[in-house]
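K.L.:
In case you want the letters, here they are:
There are 2 protein chains.
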Amino acid sequence: MTWGIIGTWRMVHDGLVAASKMLQENKRVGDAIEECVKAVEDYPYYKSVGYGGLPNEEGILEMDAAFMDGDTFEIGGVAGIVDAKNPVSVARALSKQKFNSFRVGEGATKFARLAGFECGNMLTERARRTWELRLDEVKKNNLNPYDGHDTVGVIGLDLSGSMAVATSSSGLFMKKAGRVGDSPLSGSGFYVDSEIGGATATGLGEDLMKGCLSYEIVRLMGEGLSPQAAADKAVYGFHHKLRKRYGKAGAFSLICMNLKGEWGVATNVDFTFSVANESAAPAIYFAKMGQNDTTVIEPITEEWLAAYEKRIKQPIE
Amino acid sequence: MTWGIIGTWRMVHDGLVAASKMLQENKRVGDAIEECVKAVEDYPYYKSVGYGGLPNEEGILEMDAAFMDGDTFEIGGVAGIVDAKNPVSVARALSKQKFNSFRVGEGATKFARLAGFECGNMLTERARRTWELRLDEVKKNNLNPYDGHDTVGVIGLDLSGSMAVATSSSGLFMKKAGRVGDSPLSGSGFYVDSEIGGATATGLGEDLMKGCLSYEIVRLMGEGLSPQAAADKAVYGFHHKLRKRYGKAGAFSLICMNLKGEWGVATNVDFTFSVANESAAPAIYFAKMGQNDTTVIEPITEEWLAAYEKRIKQPIE
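Order-wise, the sequence lines are chains H and G.
Each residue of the first sequence is one higher than the one before, starting from 1 at the first, in this note's numbering.
Each residue of the second sequence is one higher than the one before, starting from 318 at the first, in this note's numbering.
Since the hints were made in silico from the structure, they are not lab data.
Keep in mind that the hints are not guaranteed to be accurate.
[Unchecked claim] BS3-like mimics (lysine-lysine), calculated; alpha carbons at most 27 Å apart, straight line: (1) K98(H) x K565(G); (2) K98(H) x K605(G); (3) K110(H) x K364(G); (4) K260(H) x K241(H); (5) K110(H) x K427(G); (6) K561(G) x K27(H).
Given only the sequences and the hints, what does the whole structure look like? Please build it.
P.N.:
The following block contains the structure:
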C-alpha cells in the first residue's frame, strides 16, 4: 500500500506538507485533506479561499466548498455560505448525511451555526480595501470586473487504500450575489472513486460545468489511462470542443491522482500545483499547455517563489 | 431532419403535447422545452414543481431549475430560489450570461426580480396544509420526514438539429433550508450535446450527484450505444455500484434522447414519462426495472390515469 496527495496552486503547499506527514503516519485521508484545505482557508494572504478571500460585488464574502469520500461516494457541499471559518469542514460534516447533504445560501450558514462550527466575519481589511479599489476602477474604466478564481482542490490517498477529494473557494472576485462556480459541484469541480482515483478542477466555473471534466478524468483512468494521459485527453479535448461550440474557453486546470499515487495535470493557463507521494517529497511545480495536447511540467524556481511571496503581501495602495 | 421531445413523469404530458406541436411547426427547441416546463410549474396540483410545490421544513417553497443549450453548452441554473413564478425561465436567462450563470439563494431571487421576472408567493393553501399535517405526523410518529422528489426534466430536439434540456423542482418535501438536489447540477441532473443527445434525471438528488449519470448516458450515446442501451448501462451499473459501496441506492430515473429523436429510459422505481417524435404522437408510458439490467416499458392504462387524476386532487384532510 502506498500514499499520495496533490493540490492546486502554490497556496496549497504548506498544508500539503503537513498532510503528507499525516498520510505517512497512517492517518486517514479524510482528515489529511481536510487539514490541508483548512490551512489554505486560514491563511489571510490567499485571496480566493476562506479568510482573506475577496468578496462579491456587494462586499460580502460568499464561499463554496465540497468533500467527497471515494470509498462510499458520500458527498457534502456548501455554496454561498457566509461567516463559516472553515467551509471545507462544514462540507465534510454534510457528507455524512443521507439527506440534505448539499446546502446553499442562508440554509448552509444556518447549518454551520447549528452544528457548532466556528463562525465570524471572514472579510479581512485587506480584502475590503481591494474590493473598494476594484469598484472604483470598474466604474472609472468600464472594465470587466471579473478576475481571480483560484480554487484549492486536494486529492489524497491513504495507506489503507482510501481516497478522498476536497475543494474550497470564494469564487470569482466581484461575482454577483449567490453566484456559484464548479467547486461544490460533483463531476465538474471534483470526483473520486477509491477503486480508480480522483480529480479536481480550478478555473472559470461557468465553463468547467459545461464539461464535467473531473468525472471524465476519473472515468478515463478507470479505462486504464495513466493520470497524465487521462488529464491531457479530457482537458485539451474539451478545450478544443468548447472553442468550437461556444466560441471561447475560459481558464481551467485539472489535477488527478490514481490509486497507486501516480498523478497528472492539464491546464490551458499558467498553473502551479504541489504534490507528494511515497517516492517523492512535497514539491511545487509549474504547468502550462504544451504542443499537441500535452502538458509541460517543470519544478518551480526560487525566483518565482520569491516573487509570489512578495506579490501576495504587497501593500494595497 | 427530425424532431423529438421526452419528459419525466405523467405531470409533463400536457406541456409536452403543446411543445411537440411547436417543434412540428419548426419552432426552436429552447422555446419548446421552456414552455413545456412552465406548464408544469404553473399547474397547482403538481406538488413537486413550481406553484403548488411542497415547501421545506420551515414552510418556505425553495425551487431549483436549470437550462442547457446543446449547441453551445451554455448552462443557466438557480437553486434555492423563492417567489419566482417560473424558475426555468430564470435559469434560461442566466444561461445567456458568460459569468454568474448559476445563482443560489437570495442572489438567485434578486436576479429574478431585477431581470423583471414575475414573482409572488408560490405556496398554495393546499401545499401549506400538507406541510402542516406532515409536521404533526413527523412529530407524533417520529417519522423520517423526507418524501417526494419528482423533478420535471425535458429533453428536446428541433428540426434544425438543435437540442436542449431543462429541469425544474421544488426538491425534497420537508428538506432543510437551502438543500439542493441534482436538478440544477450539470452532469447529474441534466446534460446535452446536440451532436450526440441529452439526458435528465429525477430521484434522490443526494444519490444522483454521486454518479453523474446524465453526463454518463450522453457519453455512452456518443460511443454509439442506443439511448435505451446507454440508459440501462449507466443507471443499473451505478445502482449496483452504489449498493455495494454506499450500502443502498436511493430512487432514481433517467430519460434520454439522441439526435435522431430515439429515446431511452431506465429506473430503479416505478416511473412514468411522456414522449413524442416524428413517428409517434405524444403518449405516456410506465417504466420499471426488469430482469438482467433492462427496463420494462408499457403504455399507461386508462385506470392508472384516472386514479392519478383523483389522487393529485383529493381533499387534504
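K.L.:
Any of the earlier hints contradicted here, and which numbers?
P.N.:
When the structure is compared with the hints, only number 4 turns out to be violated.
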